[in-house]
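**Student:** Take a look at the letters that make up each chain.
There are 2 protein chains.
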Amino acid sequence: MKKDINIKEVARKAGVSIATVSRVFNNSGTVKESTRKKIEAVIEETGYYPNVLARELAEKKTHLIGLIVHNMTGEGIPRTINGVNEVLEENQYNLLIACTNGNIESEMKHFEIFRSKRVEGILFATREFKEEHRDLIKKLPIPVVVLLQRTDQEQISYVAFDNYTFAKEATNKLISLGHKKIAFIGGPVTSVNANERQQGFMDALKENQLKVDNDLNRNGDFTIENGYCQMQEILSFNRDITAVIAVNDGMAIGAINCLQDHDIVVPEKVSVLGLDDTVLAKASRLKLSGVRYSYTDLGKKGAELILQQVESTEPFFEERLIPYTIYLRESVSSPTSE
Amino acid sequence: MKKDINIKEVARKAGVSIATVSRVFNNSGTVKESTRKKIEAVIEETGYYPNVLARELAEKKTHLIGLIVHNMTGEGIPRTINGVNEVLEENQYNLLIACTNGNIESEMKHFEIFRSKRVEGILFATREFKEEHRDLIKKLPIPVVVLLQRTDQEQISYVAFDNYTFAKEATNKLISLGHKKIAFIGGPVTSVNANERQQGFMDALKENQLKVDNDLNRNGDFTIENGYCQMQEILSFNRDITAVIAVNDGMAIGAINCLQDHDIVVPEKVSVLGLDDTVLAKASRLKLSGVRYSYTDLGKKGAELILQQVESTEPFFEERLIPYTIYLRESVSSPTSE
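Protein chains in written order, with the working numbering: chain A, 86 to 423; chain B, 86 to 423.
These are computed hints drawn from the structure, not numbers from a lab.
None of these values were measured; they are calculated from a predicted model.
Backbone N, C-alpha and C fix where the C-beta goes; we use that ideal spot for every residue, glycine too.
Chain A stretches covered by chain B per the calculated footprint, using a threshold of three residues with CB under 8 Å from any CB of chain B:
{"id": "1", "segment": "166-174"}
{"id": "2", "segment": "181-188"}
{"id": "3", "segment": "362-370"}
A partial selection of chain B residues facing chain A, derived with a Cβ cut-off under 7 Å:
{"id": "4", "residue": "ILE103"}
{"id": "5", "residue": "SER107"}
{"id": "6", "residue": "ASN167"}
{"id": "7", "residue": "ASN170"}
{"id": "8", "residue": "ASN179"}
{"id": "9", "residue": "LEU181"}
{"id": "10", "residue": "ILE182"}
{"id": "11", "residue": "ILE309"}
{"id": "12", "residue": "ILE338"}
{"id": "13", "residue": "ALA368"}
{"id": "14", "residue": "SER369"}
Pairs of lysine-lysine residues, derived as DSS-like cross-links and limited to a Cα-Cα distance of at most 27 Å, are as follows:
{"id": "15", "chain 1": "B", "residue 1": "LYS194", "chain 2": "A", "residue 2": "LYS146"}
{"id": "16", "chain 1": "B", "residue 1": "LYS194", "chain 2": "A", "residue 2": "LYS194"}
{"id": "17", "chain 1": "B", "residue 1": "LYS266", "chain 2": "B", "residue 2": "LYS372"}
{"id": "18", "chain 1": "A", "residue 1": "LYS123", "chain 2": "B", "residue 2": "LYS93"}
{"id": "19", "chain 1": "B", "residue 1": "LYS224", "chain 2": "A", "residue 2": "LYS123"}
{"id": "20", "chain 1": "B", "residue 1": "LYS117", "chain 2": "A", "residue 2": "LYS98"}
{"id": "21", "chain 1": "B", "residue 1": "LYS224", "chain 2": "A", "residue 2": "LYS93"}
{"id": "22", "chain 1": "B", "residue 1": "LYS98", "chain 2": "A", "residue 2": "LYS93"}
{"id": "23", "chain 1": "A", "residue 1": "LYS224", "chain 2": "B", "residue 2": "LYS122"}
Taking the hints into account, I'd like the entire structure generated from these sequences.
**Tutor:** Put into structure tokens, the structure is as follows:
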């Protein structure tokens, strides 16, 4: 491919020394404004640097924010990215995204890459926030905001959903409707958010003197198919449950499909609630009950927070939880039989 | 926030001139290997550059590929990204992603940003590939591969789905089953892929001497709700259609819901086919018929192609279409009444 022209040629064309060009490039030392202009003109003309970088040189800012995510599957992360993008654009910042599949080496590497590309701040979403993450982030000279996960007592800013609380509240709603035998289809044990929801469910039962039956408190993999299988397992243990909570819509729909295949009417015999509000909830004919929380808003709040930190001279920490609403639709009713 | 140390200090610590450091940085001119090592040591020690960049200096390569997408909504783009990531990782390349919402200024800007960040190649997905895109790409000194869209006669490489052909083939399948009155729910006129599918549908009708009725050939917005409304419109014009093709699963499910609300049995009275194979197809109890094509494979092929171009000394162009399979499930049958 065509070779880029190098700094030597830029210096020659501008009639200055390489050191001067590099001073302009690195914003180190002082350079006469006229000289800077001359060099930037060459930069423009030769396309040695694109305009963006020329602008950066003038402003001494890159106006770049990095976003590291652990995956792209599901609706959550893409919606979060849209929210982040929206706010950054309003503020004339640009976003670079990296997808790591959640392995820590890849995450470390991408923090490095973003640093080397001179981003001014980093938004970080990982499967499970670990000590290594904390230690790395504390060493970084640029601000980091963790998305979609609490970093409690880490003195690291985050924007997250209040998974524990809304799962507990949703469970209490079912209990207040009269449900006593409630099954739970959780996520993989590796999912922090799913675990928080499961904990909220279990604590709600305990606080209502209802026993947590491990056969009815399961861990699935978020898919419709697995929701179906988990429900089948639950039924094999106990057929007089009156409600099921699934940690996401996919498994809730799988559970409904399974119940219907066993001629168990939803919600008359068994109520179903998914701790989620995705497009899947709309796809199922039976209007699924669930919890509404906006990934887009989470992304926006995350972007606002990172920009505040980038612009603040003193580092500061802030924890933000995104509001939610629990809504009961066709798939939930009071138990008609015990 | 803590200020980075600048090139002057690096030069001082390494006991060399700024010009030498910048020569190493820019791979311009020659630098004694021992000197390069000394400078890289300082780089390591001071953290002036993260290791990544130090490695880049040694290798004279950034091992970075840029991906520009126009949105993150739906399953397609995220799956494509996963495919791209997989192949790049296998080849020790890293991916930086930018999301533009499809406006051309933002796209141009991100090409610039990626250039300034020294990516070695760019993968590009846009809503509609225009002349401005072609002109920009032809000026770039690095290779570009367009994803999810043909760039015909542009001499620009692409990896895309064969929308026109599979839509035509799917329509012919319905016709061969005996369907003569077939409605079509297309996408927004701004969607090139949706338009190609609509064209394939219309050409299939024409080639079978079936008339294209504009009332039954509509443009929706990809949502379940809109699929429902489009179907209602179609029924208001004509109740003796025997099949409906929707350009995506969401609108196909909306159409099924609408038909069922009008007590029109699927598929006995009306067959429904979505030119798609998303998680939504699994969510609907009635197994939806459709077309299977892998966004992940498309992403992989795109990554392979850009790496070949990055590594080739001569620019070259290649056009790749991703294979597909049409599958008929519960939602499609022969018409039982005409």
